[in-house]
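Line by line, the protein sequences give chains V and X. Numbering-wise, the working numbering comes out as the position in the first sequence, counting from 1, plus 19. Numbering-wise, the working numbering comes out as the position in the second sequence, counting from 1, plus 134.
Simulated from the structure, these hints should not be mistaken for laboratory data. Cβ atoms here follow ideal geometry from the backbone N, Cα and C, with glycine treated the same way. Wrong hints could be hidden among the right ones.
Among chain X residues calculated to face chain V with C-beta under 8 Å, some are [stated by the list, open to error]:
(1) Gly189
(2) Arg192
(3) Arg213
(4) Ile218
(5) Pro220
(6) Glu222
(7) Gln238
(8) Tyr241
(9) Thr245
(10) Asp248
If you want the ones that stay clear, here's a sample from chain X, every Cβ over 12 Å from chain V, calculated [claimed, not checked]:
(11) Trp250
(12) Gly320
(13) Leu358
(14) Ala373
(15) Asn432
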Amino acid sequence: MIRLAGAQTLFRKEILRFWNVGFQTVAAPVLTAVMYLLIFGHVLEDKVQVFDGVGYTSFLIPGLVMMSVLQNSFANSSSSLVQSKVTGNLVFLLVSPLSHWAWFVGYVGASVVRGLVVGLGVFLVTVWFAPPAFAQPLWILVFAALGAGMLGALGLIAGLWADKFDQMAAFQNFIIMPMTFLSGVFYSVHSLPPFWLEASHLNPFFYMIDGFRRGFFGTSDVSPWISLAVVGSAFVVVSGIALRLLKTGYKIRP
Amino acid sequence: MPAVRFQQVEKTYTGARGTFRALAGVSFDIARGEFFGLLGPNGAGKTTLISVLAGLTRATAGHVTVMGHDVQADAAAARMSLGIVPQELVFDPFFSVRDALRIQSGYFGVTKNDAWIDELLHELGLSDKANANMRQLSGGMKRRVLVAQALVHRPPVIVLDEPTAGVDVELRQTLWAFIARLNREGHTVLLTTHYLEEAEALCHRIGMLRKGELVALDRTANLLSASASTMLRFKTDQALPAALAAQARTTGRIVQLKAKDAADVERLLAVLREAGVRVEDLEIGRADLEDVFVEIMNGGRPSAAPAQPQAVAA
Numbered sequence: 020m021i022r023l024a025g026a027q028t029l030f031r032k033e034i035l036r037f038w039n040v041g042f043q044t045v046a047a048p049v050l051t052a053v054m055y056l057l058i059f060g061h062v063l064e065d066k067v068q069v070f071d072g073v074g075y076t077s078f079l080i081p082g083l084v085m086m087s088v089l090q091n092s093f094a095n096s097s098s099s100l101v102q103s104k105v106t107g108n109l110v111f112l113l114v115s116p117l118s119h120w121a122w123f124v125g126y127v128g129a130s131v132v133r134g135l136v137v138g139l140g141v142f143l144v145t146v147w148f149a150p151p152a153f154a155q156p157l158w159i160l161v162f163a164a165l166g167a168g169m170l171g172a173l174g175l176i177a178g179l180w181a182d183k184f185d186q187m188a189a190f191q192n193f194i195i196m197p198m199t200f201l202s203g204v205f206y207s208v209h210s211l212p213p214f215w216l217e218a219s220h221l222n223p224f225f226y227m228i229d230g231f232r233r234g235f236f237g238t239s240d241v242s243p244w245i246s247l248a249v250v251g252s253a254f255v256v257v258s259g260i261a262l263r264l265l266k267t268g269y270k271i272r273p
Numbered sequence: 135m136p137a138v139r140f141q142q143v144e145k146t147y148t149g150a151r152g153t154f155r156a157l158a159g160v161s162f163d164i165a166r167g168e169f170f171g172l173l174g175p176n177g178a179g180k181t182t183l184i185s186v187l188a189g190l191t192r193a194t195a196g197h198v199t200v201m202g203h204d205v206q207a208d209a210a211a212a213r214m215s216l217g218i219v220p221q222e223l224v225f226d227p228f229f230s231v232r233d234a235l236r237i238q239s240g241y242f243g244v245t246k247n248d249a250w251i252d253e254l255l256h257e258l259g260l261s262d263k264a265n266a267n268m269r270q271l272s273g274g275m276k277r278r279v280l281v282a283q284a285l286v287h288r289p290p291v292i293v294l295d296e297p298t299a300g301v302d303v304e305l306r307q308t309l310w311a312f313i314a315r316l317n318r319e320g321h322t323v324l325l326t327t328h329y330l331e332e333a334e335a336l337c338h339r340i341g342m343l344r345k346g347e348l349v350a351l352d353r354t355a356n357l358l359s360a361s362a363s364t365m366l367r368f369k370t371d372q373a374l375p376a377a378l379a380a381q382a383r384t385t386g387r388i389v390q391l392k393a394k395d396a397a398d399v400e401r402l403l404a405v406l407r408e409a410g411v412r413v414e415d416l417e418i419g420r421a422d423l424e425d426v427f428v429e430i431m432n433g434g435r436p437s438a439a440p441a442q443p444q445a446v447a448a
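From just these sequences and the hints, can you work out the full model?
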């Protein structure tokens, strides 16, 4: 019971934390996504071939939604942890009896919520530019939740590892950004030269976005079951590492 | 079973510039209901020892238990029994005072705790700040919130790491009155402080650390009486004769000289008179904890501590 209440408290605290500054944590990423849609959608609408019978703007919308989900899930756990480490208030959690599972559930759970809230915001604003289709809606939910969970856990690892904000920024700029941009948010990977097509298949983010799009269009670059297997395994591996680091007190209990 | 037991606690930090031994095998017990003072100069290892106790850092060797629970093997139970007031003035800028307390309470699994939270706010003079954001509070107010956060789950063992550093007189008095009440009600208190008069007034027993080793451990009264010397205190604007200057403790105009007995006091006064030193506000008194502390830190007195680490009074 204590563990449940403790994890719940951390989860609620983490949600309150981003909600209290919702203008930067929710409204700002929604605006960014709309900018992408207006500019890329307008410039590339008639120039880029994606799926048959799918216009570029409608193709782009799920990509942007998923990109926002992933980036914001990562941002939530990572920035909260680094902030608490730098300001020293992580001590309030460190002296508590919360288990490593409770930390994981609290931080990753709140990251998933932030990712989904921002994703929903992006969807609600962009959906007017091209009418939605929900061919296989279950895939939409599955990939959004799994992707957000994996990035939340990755953010937890990054937050534990980084001692300073600039290390955090490096993680974001050199790992998260390239992986999202090279995952097929803005294009179908089949339009890429063979080498980059192969390279994309090594990027777990590609499977998240491809599987997510499947839910909208009923068609995808690879089978959604393969995507589910890849994203599911990535989630398990990343979560395993995060739990291990929490259990051993990596950098937080020297 | 003692409230807190330290057994051969060692902590070695390994860094780029070699290794640093912060704790070199510290052993002692704190009995239930005791008010224990841990003293020592900066860098003696006080905060490291408390960090090991709180699970904020891991001992290189040795064991620590709180109410019988090992702080590593049985960490959750040990932490449930501990309330730590950290030395650093930390806070979470996203929340109000009441939110911060509710959150801290929730971490310990206590979800319906508003009656106790209200009492804590009242006792610590925070009632009118309950809904203020943490950022808006002064340093002293933030310190009070830290104390309230440490007590929110009613821990049997309360640890205060220099709680009165940089704190005004009013808060010190409020704080000590409240902590003394909790101690009377059965809470065990472990205090580190630089204010030796506080330790002398509050602590039943005192341990002193120097360079990671326990160099004294005894009842406060015993420490004071063991240092049976008398202190001669006065103010002067003049330089002391060389013979006295070496053994004097000088703070600005205030000079303190140790005397073995009444005859020794006579002798010291005679030396001063011969040297023509004009003294004001002359007093003769018993040695206080500061005198004992200085004596021990200078290695002037053999330590009783390592010989009988299990000896528990109170």
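- List, from low to high, the hint numbers that the structure doesn't satisfy. Going through the list in order, the structure violates hint 10 alone and respects the others.
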